[in-house]
Amino acid sequence: MAILEVKNVNKRFGGLQALGDVNLSVEENTVHAIIGPNGAGKSTLLNCLIGKLIPDTGSVMFDGQSVLGRKPYQINQMGISRVFQTPEIFGDLTVLENMMIPIFAKRDGAFRLHAFENTFAEKHVMDQAMQMLEDLNMADKRNFHSASMSRGDKRRLEIGMCLAQEPRLLLLDEPTAGMARADTNNTIDLLKQIKEERDITIAIIEHDMHVVFSLAERITVLAQGTPLVEDTPDKIKGHPKVREAYLGESA
Amino acid sequence: MLGLDSKDFKLLLIVAALTMLAPFILNPFPEGSGMAQFNAGYPDLMQRFVIFGIFAIGFNILFGLTGYLSFGHAAFLGVGSYGAMWMMKLFSLNVLPAIAVGIIVSGIFALAVGYVSLRRSGIYFSILTLAFAQMSYALAYSVLTPLTGGETGLQIKSTDNPLLSTIPEGEIGRASLFGLDMRASYEMNAGDWLFTFNAGYYIAALIMLLAFYLSIRIFRSPFGTMLRAVKSNQTRMYYTGLNARPYTLAAFVISGMYAGLAGGLLVAMDTQVGPERMFWTASGEVVLMTILGGAGTLIGPVLGSGVIKYMENILSKINKDILHEWFAFLPDGLEDFIVAIVYPFVGKGWHLTLGLIFMAVVIFLPGGLVQGGQKIARLFRGKKASEDSDEKSTQSTPAE
Chain S
1 MAILEVKNVN KRFGGLQALG DVNLSVEENT VHAIIGPNGA GKSTLLNCLI
51 GKLIPDTGSV MFDGQSVLGR KPYQINQMGI SRVFQTPEIF GDLTVLENMM
101 IPIFAKRDGA FRLHAFENTF AEKHVMDQAM QMLEDLNMAD KRNFHSASMS
151 RGDKRRLEIG MCLAQEPRLL LLDEPTAGMA RADTNNTIDL LKQIKEERDI
201 TIAIIEHDMH VVFSLAERIT VLAQGTPLVE DTPDKIKGHP KVREAYLGES
251 A
Chain B
1 MLGLDSKDFK LLLIVAALTM LAPFILNPFP EGSGMAQFNA GYPDLMQRFV
51 IFGIFAIGFN ILFGLTGYLS FGHAAFLGVG SYGAMWMMKL FSLNVLPAIA
101 VGIIVSGIFA LAVGYVSLRR SGIYFSILTL AFAQMSYALA YSVLTPLTGG
151 ETGLQIKSTD NPLLSTIPEG EIGRASLFGL DMRASYEMNA GDWLFTFNAG
201 YYIAALIMLL AFYLSIRIFR SPFGTMLRAV KSNQTRMYYT GLNARPYTLA
251 AFVISGMYAG LAGGLLVAMD TQVGPERMFW TASGEVVLMT ILGGAGTLIG
301 PVLGSGVIKY MENILSKINK DILHEWFAFL PDGLEDFIVA IVYPFVGKGW
351 HLTLGLIFMA VVIFLPGGLV QGGQKIARLF RGKKASEDSD EKSTQSTPAE
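Just so you know, the protein sequences line up as chains S and B, in that order.
My numbering numbers the first residue of the first sequence as 1 and each following residue consecutively.
My numbering numbers the first residue of the second sequence as 1 and each following residue consecutively.
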């Protein structure tokens, strides 16, 4: 069953057709990669899925409900979490506090004026946050000022924060961009582990072919705002059109 | 204790002790001595310390936690004052209903101003709040004269006859708490020292302690954590299913209510109010207080307001004659020279000193006086303590 269904989505920026008739369906519990050369419209498409941009025409359905016209936090509450290209975490807060916020959000919704409880006395939230940090092997870093961590750790924390919300769909926007090789491999391992342990659908936009081919079960190739081809990784590797549009000599 | 961890509770106890013993602490010099002019232990100034302390504590909930710099907070102080004043003129000379009305009126006004201003952030938010405050000032000064008394402001007059209070014929009503006059004082002579215990001060101080306690609770609550999250990264907030707007609005209204409380207390202590209370310099003052003391820290705003109010009231009273008296022991030419150099920094020039201190703090102690205090404390603590804190600091600030 398709959990995410994108139909005939168009988006223009002035004279530029960023997305032209994009159709895409992401099956539940798969890892679906969207690849394509620079300017292919990958980020525009992603932004249309999470409420940052509104397509000119077409529909985006998540689990049978339209996401269009909803605010980012409402789309998040439907069960879509997003990991950003540059890790977006609460840099002024400690790692533990970072992890507690999505758990509070899951429990309390978009807003609650809980001004007189003590943050660290909320045992249930605290336990869940610590459990999550242990799963990420970050429990020993719980009191770190999160902005001072390495990029790989920030990414790990961000992915963990998204998982703490127990989303049904996890969107990753170039999760290994700008990372050292070791951090990239750690991130791949983490994502593999997540896939094994949870019922979760992952959609990933990525430049690094190593990452794509280690994780993806389905791949959509986007070129000039239109999906060129969608298939399994093995078939994509050998596809002549894809070679021409994207992989070039390196494949 | 009281839902606080031991460190915060200790801080609360220290603040409680300082405020309760303030008449002693602020009067260290014997009457009649040359240093007596540095005594700050008289009721009017002590009241100002705690009232502006409340104002700054409230401002810090908004600015310190969310990072939204309101440049119009004096408007809420003024609106609270007017509200409290009318309550006293019409309803009762008891200060409690007056203060309560001050808080409520400011809260409602803050809700309206915040709803509009919080659509923008950063400098645009600051300008919007400044615009609202200046509009309020201009309205109070001119168009709303029937309500605000215009330029002369509002006082309790002999013609005022509050509903619940009976005033003897020909007397002007005085603010009281169930019959206890706010101006009632007990003076204690101990040798050359004179200590004044004022009813109004102690009521204001107790209210400040309550306000301080509430602010600690807010800082340590999940709500406080969310406000710090707003300051840290709004994008992540929105993509974590949280709506930052109601959080910032709630912080804005809460800090507006603190300002209303301070405004109500000002009227309770001294039954008059004028539009100058809402002027933009008054809004700027609370920003200075908070940054000087340490924005985002618990005790910082109270320290900052204390320093500024002390300078405003004590430093500004040093005139040329006093300076000449001090330096009389020097040869005449040198005396005049020194006085000429020092004079611009005291008396009417006290703002210059304040400005220099403020610059020094911002440049060398971005965490305000609180950071300065922490540095000094670290110097004084022995080697053992520093080893302990080293251990802690390596844990909280790892290598890149």
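Some clues are possibly wrong.
[As the list claims (entries may be wrong)] If you anchor each label on the Cβ, the simulated ranges turn out as follows: (1) S:Asn143 - B:Gly372: 20 to 30 Å; (2) B:Leu11 - S:Phe13: 28 to 38 Å; (3) B:Asp192 - S:Lys123: 56 to 66 Å.
[Claimed, not checked] A partial selection of chain B residues facing chain S, derived with a Cβ cut-off under 7 Å: (4) Lys7; (5) Thr152; (6) Gln155; (7) Thr159; (8) Pro222; (9) Phe223; (10) Ala229; (11) Asn233; (12) Gln234; (13) Leu242; (14) Asn243; (15) Pro246; (16) Ala250; (17) Ser316; (18) Ile318; (19) Lys320.
[To be verified] Simulated crosslink set (DSS-like; lysine-lysine; CA at most 25 Å straight-line): (20) S:Lys52 - B:Lys231; (21) B:Lys320 - B:Lys348; (22) S:Lys195 - S:Lys241; (23) S:Lys71 - S:Lys52; (24) B:Lys317 - S:Lys141; (25) B:Lys231 - S:Lys106; (26) S:Lys123 - B:Lys10; (27) S:Lys71 - S:Lys123; (28) S:Lys71 - S:Lys7; (29) B:Lys375 - B:Lys348; (30) S:Lys123 - B:Lys320; (31) S:Lys141 - S:Lys123; (32) S:Lys241 - S:Lys7; (33) S:Lys71 - B:Lys231; (34) S:Lys141 - S:Lys192; (35) S:Lys192 - S:Lys123; (36) S:Lys235 - S:Lys7; (37) S:Lys141 - B:Lys231; (38) S:Lys106 - S:Lys123; (39) B:Lys10 - B:Lys375; (40) B:Lys89 - B:Lys7.
Hints were generated in silico from the structure; no laboratory data involved.
Don't be surprised by glycine CBs; every beta carbon is placed ideally from N, CA and C.
Hints, one by one, checked against the model:
1. S:Asn143 - B:Gly372: 20 to 30 Å: holds, 25 Å
2. B:Leu11 - S:Phe13: 28 to 38 Å: This hint is violated: roughly 54 Å between Cβ atoms.
3. B:Asp192 - S:Lys123: 56 to 66 Å: holds, 57 Å
4. Lys7: violated, 13 Å
5. Thr152: violated, 40 Å
6. Gln155: Constraint on B:Gln155 not satisfied, violated at 37 Å.
7. Thr159: violated, 43 Å
8. Pro222: For B:Pro222, the interface hint holds, since the closest Cβ of chain S sits about 5 Å away, which is under 7 Å.
9. Phe223: Because about 4 Å separates B:Phe223 from the closest Cβ in chain S, which is inside the 7 Å limit, the hint holds.
10. Ala229: At about 5 Å, which falls below the 7 Å cut-off, the nearest Cβ of chain S leaves the hint on B:Ala229 intact, so it holds.
11. Asn233: holds, 5 Å
12. Gln234: At about 10 Å, which exceeds the 7 Å cut-off, the nearest Cβ of chain S leaves the hint on B:Gln234 violated.
13. Leu242: holds, 5 Å
14. Asn243: The hint holds - B:Asn243 has a Cβ within 7 Å of chain S, the shortest such distance being about 4 Å.
15. Pro246: holds, 4 Å
16. Ala250: holds, 6 Å
17. Ser316: violated, 38 Å
18. Ile318: For B:Ile318, the interface hint is violated, since the closest Cβ of chain S sits about 42 Å away, which is over 7 Å.
19. Lys320: Hint violated; B:Lys320 Cβ to chain S Cβ min 48 Å, cut 7 Å.
20. S:Lys52 - B:Lys231: At roughly 20 Å apart (the allowed maximum being 25 Å), B:Lys231 and S:Lys52 satisfy the hint.
21. B:Lys320 - B:Lys348: Given pair B:Lys320, B:Lys348 holds - Cα atoms ~11 Å apart, limit 25 Å.
22. S:Lys195 - S:Lys241: Measuring from Cα to Cα gives roughly 30 Å; hence the hint is violated.
23. S:Lys71 - S:Lys52: It holds: about 8 Å lies between the C-alpha atoms, which stays within 25 Å.
24. B:Lys317 - S:Lys141: violated, 54 Å
25. B:Lys231 - S:Lys106: holds, 20 Å
26. S:Lys123 - B:Lys10: holds, 24 Å
27. S:Lys71 - S:Lys123: violated, 31 Å
28. S:Lys71 - S:Lys7: holds, 20 Å
29. B:Lys375 - B:Lys348: Violated: B:Lys375 and B:Lys348 sit about 32 Å apart, past 25 Å.
30. S:Lys123 - B:Lys320: violated, 63 Å
31. S:Lys141 - S:Lys123: Given that 25 Å is the threshold and the Cα spacing comes to 19 Å, the pair holds.
32. S:Lys241 - S:Lys7: holds, 23 Å
33. S:Lys71 - B:Lys231: holds, 20 Å
34. S:Lys141 - S:Lys192: holds, 22 Å
35. S:Lys192 - S:Lys123: violated, 30 Å
36. S:Lys235 - S:Lys7: Roughly 24 Å separates the two Cα atoms, so the pair holds.
37. S:Lys141 - B:Lys231: Distance ~22 Å between S:Lys141 and B:Lys231 Cα, so the pair holds.
38. S:Lys106 - S:Lys123: holds, 15 Å
39. B:Lys10 - B:Lys375: holds, 19 Å
40. B:Lys89 - B:Lys7: violated, 44 Å
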